[in-house]
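Model the full assembly from the supplied sequences, consistent with the hints where possible.
The primary structure of each chain is shown beneath.
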Amino acid sequence: MTTFALIFTLSAIGISETVYLIKMRLAAEEPVCPIGGGCEAVLGSAYSKIFFVPNDILGLLAYIAISVISALLVIEVGAENFLSLALKILVALASLASLFFTYLQWRVVRAWCFWCLMSAFTIWLQGIIILISVAI
Amino acid sequence: MSKTSFHILRVGLAITFLWIGVLILKQPEAWGGYLQPWAAGLLPVPIEQAMLGTAILDIVIGVMLLVGWLTWLAALVAGVHILIVLAVSGITDITVRDIGLLAGAIAILADSWPKKNY
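Protein chains in written order, with the working numbering: chain R, 1 to 136; chain A, 137 to 254.
Calculated from the structure, these hints are not laboratory results.
Small disclaimer: the values here were computed from a predicted structure and weren't measured.
Even glycine gets a Cβ: it sits at the ideal position worked out from N, Cα and C.
Among the hints, erroneous ones may be present.
The following label-pair restraints were derived from C-beta to C-beta distances [what the hints assert, rightly or not]:
(1) A/R233 <-> R/W106: 36 to 46 Å
(2) R/F51 <-> A/E184: 18 to 28 Å
(3) R/L61 <-> A/V181: 28 to 38 Å
Encoded structure:
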C-alpha cells in the first residue's frame, strides 16, 4: 500500500500544480516562476499544446487518472491486474512525454519552466517508485 | 501567512483528507471502531453507512482544498468535521494528531476568509 500512497500523494501534488497553471492561463496571468525564470517562454511557446489541447489539461487528466487508479487499487475494488497494468502504462507514457517536453525546454525553447520541471520530476518519481516496488 | 506557505499547507491538508477518505472507503467498519459507544448509539444510520458518508465528505473537502475552489468553505467544513471527530472519538494516541489538522484548517480558514470590499 505504501507504493500507492506515494503515487497518490504525488498525483495530488500534480493536480494542484496543473490546476494552478490552468487558472493562470484562463486568467491571462503569468504564473509565479521561482526558479529559472523561463516559465513565460515555455508556457507561451508553440509546444504548450498538443493538437490544440493545452499540456496543462493533458497533465491534469493524467494526474486525475493516476490518483483514481491508485485509490481504487488501495480500496481493492477488484480487477487488480488490469488496474495495476493501466497504472504502469499511464505512468510510463507520462514519463516519456515528460522526457520529450524536458528535451524541448533544453534544446528547442532554450528556457526552463519551474512548473514543467516539477511535473516531470513528479512523474519520473512515480515511475521510479513503481520500478522499485516491482523489483522488491 | 505568505502565499507559498499557505499553498503548501492547503495542498498538504488536502492530501491528508483525500487519503483518509480513501482509507475509510477501504475499511469503513474498522474506522467506525474509533467512535465512542455513546456516539455510535446516536447514529441514525448503521455505523458502516455513517463512515462511508464520512469518507465521501473527507474526499470532497480534499478535492476542494486541492484545486483551491471555495477554499474557505472547505477549511470551515474541515475544521468543524475535525472538531466532531475529536468529540466522538476522544483524544487518543491517534486522534491527538487531529489537533494539528484542526490548527491547519483554522489557519487556512483565517487566510482565505472572503473579505468585504468597501
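Now the hints, each set against the structure:
1. A/R233 <-> R/W106: 36 to 46 Å: At 43 Å between Cβs, range holds.
2. R/F51 <-> A/E184: 18 to 28 Å: violated, 46 Å
3. R/L61 <-> A/V181: 28 to 38 Å: At 35 Å between Cβs, range holds.
In this structure, only the earlier hint numbered 2 is contradicted, and the remaining ones agree with it.
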